[in-house]
Amino acid sequence: MNLMIPLLILVPLASALVIFFSGPRANKGLVAFGILAALLTMLLSIGLCFQVYQAPSSLTGVPGVVEPTIEPKVTFVSETLRFVLPISVGGHPIDWQLSFGADGISALMVLLTGIIGFFTIWLAQSQIKNRIETYIALLLVTISMLMGVFLSTDLVSFYIYFEAVLIPLILLIHGWGDGKNPQAASKRFLLFTLAGSIPMVVGLISLAMSPQVHGQPSTVSFSELSRIASQAVASGIPIGSKDSWAVWLLLLGFGIKLAILPLHTWLPMTYAAAHPNTTSLIASVVAKLGLYGILRIVIPLTPVALSIEAQMVIGTLGAIVIVYGALIALSKDNLREVLAFSSLSHVGFITLGLMSLTREGLGGAALQMFNHGLITAAMFWILSMLEQRHGPISLKSQDRGLAAQYPKLAVLLVFFTLAGAGLPGLNGFVGELLTMSGMMRVCGTLVAIAVLGTVLGAWYGLRIVQRLLFGSDGPRIDAHGRALAGTDLQWKEWLPLVCVGLLCLYIGLFPMRTMKLFQPDTDRLARLVEPVSKQTHRDMDTLAVQSTNP
Amino acid sequence: MPNLDSLIWFVPIAPMLGCIVCAILSFRGDKHSAHVPAIVSLLVAAACALVVLLQWNADTSSSGFEIAEGYRYLQIGNTSLSLSLRIDTLCLTLLTVVTSISAMIAIYSKGYMHDDPGYARYFAVFCGFVFSMTMLVLSHNLLMMYAFWEGVGTCSYLLIGYWFRKPSAARAATKAFLVNRVADTAFLFGILMLGYAIGHTDVGAGQGWFARLDFQNIFNAAPVLAQKHSGLLSLIALLLMIGAIGKSAQFPFHVWLPDAMEGPTPVSALIHAATMVTAGVYLMARLAPLTVLTPSVLITVAWLGGITSLIAAIMALYQDDLKRVLAYSTVSQLGYLFMALGAGAVKDLMTVAVVAAMFHLVTHAFFKALLFLSAGNVMHAMGDVIDMREFSGLKRVLPKTNILFAIGAAALAGVPLLAGFFSKDGVLAVLLDASSDTMVGSHFMALLGIGFVTAFLTAVYTSKAYFKTFHGPEKVPAAAGHHAHDASNVMLAPMAVLAVGALLSGALLGPTGKISEYVSKTPLLHHHEHSEPMWLLVASSIIALAGIFVGYTISHKPAVAQGPLKNFAEFGRNRLYIDWLYNVAIVQPMLSLARFLEWIDTNIIGAITDAVADLPRLLGLAGQRIQTGRVPAYSLLTAVGIAAVAIWIVTRASW
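Protein sequence lines, in the order shown, are assigned to chains A and B.
Here the first sequence stands for residues 1 to 550, where the numbers follow our numbering.
Here the second sequence stands for residues 1001 to 1655, where the numbers follow our numbering.
Be careful, since some hints might not be right.
[As the list claims (entries may be wrong)] Straight line, CA to CA, 25 Å or less: simulated PhoX-like cross-link-like pairs of lysine-lysine:
no. : chain 1 : residue 1 : chain 2 : residue 2
1   : B       : Lys1475   : B       : Lys1521
2   : B       : Lys1166   : A       : Lys408
3   : A       : Lys28     : A       : Lys129
4   : B       : Lys1031   : A       : Lys408
5   : B       : Lys1347   : B       : Lys1110
6   : A       : Lys396    : B       : Lys1166
7   : A       : Lys187    : A       : Lys129
8   : B       : Lys1475   : B       : Lys1395
9   : A       : Lys492    : A       : Lys129
Just so you know, the hints here were simulated from the structure itself, not pulled from any lab data.
In isolation and in its complexed conformation, chain B is listed as follows (with noise of 0.2 Å):
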C-alpha cells in the first residue's frame, strides 16, 4: 500500500509546517492571521488520519503493520536509527482522536486566543505539540518515541508558562517539566537498559544499538529474555512504566498536572486532558507484549492506578477551582485506564485490557475536551475568574454552555447510554474477570472496590460542579464586567462537535463491538470474546445516578463540614499534602545538598589544591635554609651526597 504509506506522513508532516508558518508569522509580530495556517494544517492531518484508519479497516495486513520509511536519523556501523512510522490500529486509533480533537481546539483557540499579544507563538507551539505528539504515537522504535516523548514535555512546558508574566505560570511550567523529567530520565535508563539486555539474546545478538529498540524486535527478544533474565526484564518494564505513569500523572508523579492549568484552558483541553497524558498509557498498551511476560510489574501499575484513581476524586470533591476539579478528574480517570491495563497481569486478559484502555481513552478525550472547552467559556465570560465560590446560577448568562458542559459531565459521571458509561463499564468488567483468577485474582477483586468508590465519587463531585456553576441563585463577579455573554459561534462550533462525540462515541464503538475488533488486529494482540455481566450496567447506572444526586444536594449547602469530616476536607484541599511532603522530603533536601557540596568545593577541594600549589613554594622556604652561603656547609653536604650515591651504587651492584 503505498499510498497509504505516504499518506500517513502527511500527519506529521502538515502540523510540522503549521508550526513553522506559525513561528514564521510569530516574528513578524502578528495577532491577527496566525490560526489560518494552523487549522488548515491540522485539519488535513486529521483527514489524512481518518482516511488511513478507515483505509487500514478494510485491508487485512498479513503482519498486522506496516513501516512507512522515512529518513535514518543516525548511523553507527552498519546499524541506523531511522525516523519511519509505524502503522498498526493501536496507534490509528489514538492518531484519529488526537488530530481530530486538536484540529477542534484550534478551531475554539480561534476565539479563545484573540488579542493575545501572543498569538502567533500560541499557535506556532500548538502545532508543535500535534506535530511531536502524532510521530510519538507513529513511532517505530522505543528510542524514537522517546525523542518526542520529550518534544510534547517541551511544548507542555512552553504552553504551560505561556503567560509567562504570571508567577503561578512559570512556576507551574518549571514543576511540570521537572516532574516529568524525573520520570522521563527512568524511562531512558530503562531503553538503555532494554536495549542492553536484548543485546545479551540470541535474538539482539547481531545487531546494533539501535535497531534493537524497535518494537519489532522488541517484541521478539521479549520472550527469550523472559526466560533467561526474568528480574532484569521486570527492572526495565518498571523503569518503563515509571516514564509511563509520570508522562500520565499517576501516583506519586500526579503532582504537575493539577498546577499546568495555569496554562491557557484550550491548552489543559488538549494536552492536559485529551493527547498528552494518555500517552503513557499508549506506551504501556503499545509494550503491552513486553509487559504481559512481568505480571508483578502490572499488578503494581493497577494498584497505582487504583490509588491515584481514588485519591484523585477525593482531591477533585474538595477542590474550589473549577478547572482543578476537571484536573484532578483527569488524573482520576487515567488511574481507570492503568487500572485497565494492569488486569493484563491475567492471563489471556491482555487483549480485553487494552481494549477497554483504548475505548475509555478515547471516549474520555471527547467529554474531557468539552468539560474544559466549557470550563474555558465560563472563565472567558467571568473575566478570567475560575473560583467556583465567586460565581453560581450562570444558566441564563450562558444557556449554550449550560448544556454542552451538562453533556460533558453526564458522560464522565456515567449516566446511562453516554460514552462515559459504557466505557467506564468496560474498565470495570475487565476488573471483574480480572478478579477471578485464582493467583492474583484478590488484587483485582480489591481493585474493582476501588472503582466502584471512584465512579460514585466521579458522579458526585461532577454534579457538585456542574450545578453549583451552572444553577441556583445567579452570582456573576465583578471581574466580569456588566455584559458577561456566552461564547461566540467559532467556539462553540467546535464543542458541538465534540458533545456529538460525549453523546454517541460510547454507544457507536462498545457494544456494537468496533473498537474490540479493530484494536485487537494489532499484531500480537489476539481477538477475545467478552462479555459484560448485565449486572454491572445496572449497577454502575445506580452508582452513578446516586452520585449525581448526592453531588446536587451538597452543591449549595455551604461548604463547612463538622468533627471529622472536617478535617478530611482540609486533608483534601490541601491535596493530601502529598505536594507539600515533596517539597520538604525531596526538593529541599537537595538543594541543602547543593549548597553542601558548594560548601565543600570552595572550601575543601579548593583548599587542598591551594595547599599542592603551594607546596612548591614551602619547599623552596626548607630549601633555602641549607642555603646558607658557608662553604664548608656545601662541602659537607657533597660529601654525604657522594657517599649516599656510593652506598647506593654498591648496594645495588652486590644486589
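Just chain A, same shape as in the assembly (with noise of 0.2 Å):
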C-alpha cells in the first residue's frame, strides 16, 4: 500500500482543518503552519512524481491482447471502504471501492498543483491583508480537493471531487475578491459550473452502464472502463447511439470548465473580480479541470462516438477560441481580463491538441496543460504585485516605464510574457508545436486558424510589456498622488517566480525528459484513438496507420 497518495490529499485537508478550529488565535503561527503544510504537498507531489516515473508498467504490451488505456502505476486501494451504490438500473448494483492511483498525466498535474499551490500559499502572506489564516485554509482545501479529482480512479469519487472544488473556490472568490462585484462574479462562477455538473452526472452515469451493453456488469473504474472500451473498439462492435448523446453530455459538462466558446463568460468575469493571487490557481489548475476530464474520461472511454461525432465541432471551437481570445485581449484595457482572455487563447491550443486524437497532439497537450499552468500563475502572481504598488493596472494610458523603477519585475515579465508568445527555448513552444503537429495531420485548416494566435498572442503579449515597462520612467506616485517608495521586488516575492522561471526553461530545452513522464500513457492512448480517428478522416496521413503496429 502506497501511503504517498492518501497522504496527499489529507495533508493538506487536515492542515486546513487545524487551521479553522484554531481560530484566529495564533496568527503568525498558522501562516507559518499553512505553508509548512503546502510545502509538505509540494515535496510530497514532487515524490509522487518519481514513483510513477519509476514505476514498471504492468502492462504486458502483447499483441493481441486488448489492455486499458489507462494505467495507474501508482495505487492506493482501501479494504475497508467499499460500498455498493444505490445505482442499480438493469439489476446490476455498482460496486465501489475507494480507491485512488496516478499514472503519468495525472502525476504530471499533482505536480502542478502542488507546486503552484504552495508558491500561491506562500505569496499570500505578502499580497493577502485580511484574514489571512483562513484564506490560506480555503486553499489548502482547494489544493487537496485537486489532488484528489488527479488521484481519483474511478467515475464517483471523480465525480466528487471534481464538484468539491468549487466550494472552497466561491468562498476564495466571494470573499477576498476585490474586483467590481466579487459577489455577482461568484454567484456566475457557481451557477455556470453547477449547469455544467448536471449534463456530465448524467453523461458519468451512462458511462457507468455502458458495459451493459457489450454484456459485462457495470463499473465505475477507469480501468475496466478502458479496457471495455478498447475491446470495443478491437472487435469493431459499431457504437450504439447511447454512446453519442453521452459524449455531448460530457463534452458539455467539461467545455463549461474549461470556458469553451460560447460558455465561456464565467471565466473573465471571476478572473477580474477575484485577487490575482486567487486567480492564479484558477487559472492554472481550476481551469485545466475540464481538459483533465476530457482527455482522462472522454478521450480514452468513448474515442468512436467522440471521433465521429465531437472531433471537430470541439476542435474548431478550439482553433476560433485561440483567435477570439487574443483578439479579444487585445482590446481589453484592464490587465486582469487581459490576462482571462490570454489564458482563454491558450486554452485553444490544448484543446486543439486534445481534438487532433494524434500521438503529437495528446502528448502535446498533456505537456502545454502543464506549461500553460506555470505560465499564467507567474503572470497572475506577476500582476498581483503590480498591483499592490500601483492599484488597478490599465493598459489604456500612455507607457508606464516601470522598468527603470522594477528591473527584477522587468525581467521577470519579459521571460514570461515571451513564454507564452511560444518562444523557442521555453516551455510555451513545445506545447504549441506539438499540439499543432497532431492537429496537422487530421486538419490542415485549424492548423491555419491556430497559427494565427502566435502573431495575436505576441501582439498582445508585447503590448503588455511595452505598455508596463517601456517608456520614460513613469512619475513615482500611487493612485492616491503619495509618492511612491517604488520598491523593487523582495526575495520572498521574486523566489517562487524564478523557480517556476527555472522549471520553464527547462522543460523548454529538454522536453523529452519532461515528457518520460506521461509519454508512455498519451501514447497508449494515441494507440487506441489514432486508428479511430483515422476511420473518420480518410486523409489522415499514414503515420496513423503506422502507429497502430509499433
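Relying on the hints, combine the two individually framed chains into one complex.
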C-alpha cells in the first residue's frame, strides 16, 4: 500500500481543518503552519512523480491482447471502504471501492497543483492583508480537492472531488475578491459550473452502465471502463446511439469548466473579480479540470463516438477561441481581463491538441496543460505584485516605464511573456508546436487558424510589455498621489517566479525528459484513438496506420 | 572527421557561454567588464569557424555534408527531433562571416557602449544573438531552424528596444517583432504543411513527424512531391518564401527594418545589416533543391526582390537620417540577393544563382557593417545627432572615420575593383544569363533593367550621403559639445579589419572563382562554368561612376525640388506611404475587429448565457401560477396527468 497518495489528499485537508479550528488566536504561527503544510504537499507531489517515473508498466504489450488505456502505476486501494452504490438500473448494483492511483498524466497534474499551490500560499503572506489564515486554509482545501480529482481512478470519486473543488473556490472569490462585484462573479461562477455538472453526471452514469451493452457488469473504474472501450474498438462493435449523447453531455459539462467558446463568459468575470493571487490557482489548475476530464474520461472511454461526432466541432471551437481570445485580449484594457482572455486563447491550443487525437497532439496537450499552468500562474503573480504597488493596472494610459523602477520584475515579466508567446527554448513553444503538429495531420485548416494565434499572442503580449515597462520613467506616485516607495521585488516575491521560470526553461530546453513522465500514457491512448480517428478522417496521413503496429 | 564534428560545436557553444556569463554579470550590475567574456567567446567562435572552413575545404567528403550529433530534444514514438549540426560548404561560408563580423563588432561595442547603464545586458543579448544565429545557420532540420529563427528575432527585439526609455525605440521593437512574427507564422505553417505533404509520399511514409523535416529528407522527397502534388509544393514554397522575405525585410515586409535603427548602432551593423537579415537569403539558398522545383515561386521571389531593391533605393535617396539611408540601402541590397536567387527559376542556373547571392551576401556584410560603424562614429562624435541636415564637412573633425566611410561607400556604390563591384556584377550577370531563357527570360530582362537602375540609384544616394556628411562647409551640431573628436582606437581597429574586407574580399573571392568553387560543393548543387561578359563590367563601372558624380552634384544643393519632382520627393520621404497604408488597412481594422468582438462578447454572448441562466427562475415563476393551493385544481391536474400517461402507454403498446 502506498501512503503517498492518501497523504497528498489528507495533509492539506487536515492542516486546513487545524487552521479553521484554531481560529484567529495564533495568527502568525498559523500562516507559517499553512505554508509548511503546502510545502509538504509539494514535496509529496514531487515524490509521487518520481514513483510514477520509476514504476514499471504492468502492461504486457503483447499484440492481440486488449489492454486498458488507463493504467495507474502507483495505486492506493482501501480494503475497508467498500460501498455498493444505490444505482442498480438493469439489476446491476455498482460496486464502488475507495481507491486512488496515479499514472503519468495524473502525476503531472498533481505536480502542477503542488507547485502552484505552494507558491500561491507562499505569496499570500505578502499579498493578502485580511483574514489571511482563513484564506490559506481555503486554499489548502482547494488543493486537497484538486489532488482528489487528479488521483481518482473511478467515476464516483472523480465526480465528488470535481464538484467539491467549487466550494472553497466560491468562498475565495467572494471573500477576497476586490473587483467590481465579486458577489456577482462568484454567483455566475457557481451557476455556470453547477449547470455544467448536471449534464456531466448524467453522462457519467451512462458511462458507468455502458459495459452492459457489451454484456458486462456496470463499473465505475477507469481502468475497467477503458479496457472495455478498447475491446469494443478492437472487436469493431459498431457504436450505439447511447454513446454519442453521452459524449455530448460530458463535453458540455467539461466544456463549461474549460470555458469553451460560447460557454466562457464566467471566466473573464471571475478572473476580473477575484484577487489575482487566487486567480493564479484558478487559471493554472482549476481551469485545467475540464481538459483533464476530456483527456481522462472522454477520449479513452468513448473514443469512437468522440471521433465521429464531436472531434471536429470541439476542435474548431478550440481553433476559433485561440483567435477570438487573443483578439479580445488585445482590445481589453484591464490587465486582469487581458490575462483572462489570453488564458482562454492558450487553452484553445490545448483543446486543439486533444481533439487531434494523435500522438503528437495528445502528448503536446498534456505538456501544454502543465506549461500553461506555470506561465499563467506566474503572470497572475506578477499582476498581483504590480497591483499591490500601483492599484488596478490599466493598459489604456501611455507607456508607464516601470522597467527602470523594477528591473527584476521587468526581466521576469518579459521572460514569462515570451514564454507565453511561444518563444523556442521556453516551454510554451514545445506544447504549441506539438499540438499544431498533431492537428496538422488531421485537419490543416484548423492549424491555419491556430497559427494566427501565435501572431496575435505576440501582439497582446508585447502590448503588455510595452505599456508597462517601456517608456520614460513614470511618475513615482501611486493612485492617491502619494510618493511611491517603488521598491523592486523582495526575495519573498521573486523566489516563486524564479523557481517557476527555471522550470519553464528546463522544459523548454529538455522537453523529452519531462515528457517521459507521461508519454507512455498518452502514447497508449493515441494507439487506441488514432486508428479510430483515421476511420473518420480518410485523409489523415500515413503515420497513423504506422503507429497502430509499433 | 570526429575532431571537426566536435570543433564545430564550439562555434555556437562559445557565445552561449559568453551570454550566460554576461547575464550573470548583468544581474550583479556590472558596467565595466562584460565585454571581456563576450569578445573572448566570439573570437573563439570565429577561430573555430575559420578552422572548420579551411579544413573542410581540403576535405572532399563523399556526401558533401556531415551531421554533428547533438542531444535529442523531443521524441514522439520512435522518431526524435535532435539538436544536431549540419556542416556543408554553404553554411560554413555564412558561419564564418557571422562569427568574424560579430567578433569585430563586439570589440567596437566596447568603445561605443562604454558607460552605458545596461552594459552587461547589451553584451548578454549580443552573445545570445550570435548563438542563435550560428545555430540557425547550422540547423539540420527545418523545425530546428525555425526555433532559432525565432531566437534571433527575439534578440533583435531586445536589442532594438535596448534603450527602452525612448518611446520610439519601444515602438520600433514591438513593430519589428510583430512584422517578423506575421511572416514567421506563414513560415511555420509552411513547415507544418511540408511535414504533412512529405508524409503522403513513399519517401516519408515510414518516418515520424520530425524526421521528415530534416533537410536531407526534404530534398529526397521534393522531386516526388513535385510530380504528385505540384500545386501543394508551390503553396509550401510560397509560405516558406514569406518567412524568408519577412526576416530579410523585403517588400511587403520591409517596414520594420528602417525603424529598427532605434537600437544601438553596432546592433544595427551586426543584426540589421550583416547577419540576421541575411537569414532569409540563407533559407532560400538552403532550400534551393526544393525551390528549384517551383519556378513560379522563384519568379515571385525575384520580382519581390526587384521591387524592393528599387523602392528602397528611392526611399534611401530621400532620407535625411544617415542611419536610415543605410537601412534602406540594406533593404535594397537584400533585394538584389533575392533577385539573384530568383534566377534559379531558369533551368540549370540554380547553382550560379546561389553562388552569386552568397558572394554578394559576404561582401555586403563587410562593407555595410563598416558603413554602419562609421555612422556610429559620426553619431558618437555628434552627440547622438544623426540627421544629415545638422552636420556637414566632418572630414577634418573625423579624419579616420572619413577614410573608412569612404571605403565602405565606394564598395557599396560599386567603384571598380572594390568588393561591391565584383559581387554586384555577379548578380547582374546571373540575371543576364537568365534573361536569355526562352520561357521566362522576359521577366529577367525586366529585372536586369531594374538591377541597373538600382545600381545607379545606389551610387547616387551613397555618394550623396558621403559628400553631405564629410565634405562641404564644416558644421557641427550643438549637441556635440565643443570638442567633437574621432573615435578611439578600440573602435577604429575592428573597422580597419572590415575595411580590408570591403577592399579586398571581392577581388580575392570573385574573379579567382574561389567562392563559386567552394559554395558549389554544397550537396545537390553542381559546379557550372560561368563567365561574365566584359561589357557588363564596363557598363556597371560607368553606371557607378556616373551615379557617384550625380550624387556629388546634388549633395549640397538645397533639398527643395521643383514641380513633379517635388511630389516625388515627398513620396519618397514618406516611405511611399506604405507604413501609413499598413496602419490604415491592417492594424486599425484588426483593432476595430478586436473591439467589435469584445462588444459582442459582453453584450451578446454574455447576455444570451445570462438569459439561459435565468430560465430556471422564469420557469419557476410560471410554475408558481399553478401552485394555487386549491385542491380541485390539483385534482384536475392529477387527472389530466394520469390520462396523458395512460394514453401514452396505450398508444405505445398498440404500436
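**Q.** List of violated hint numbers, smallest to largest
**A.** 1 and 5
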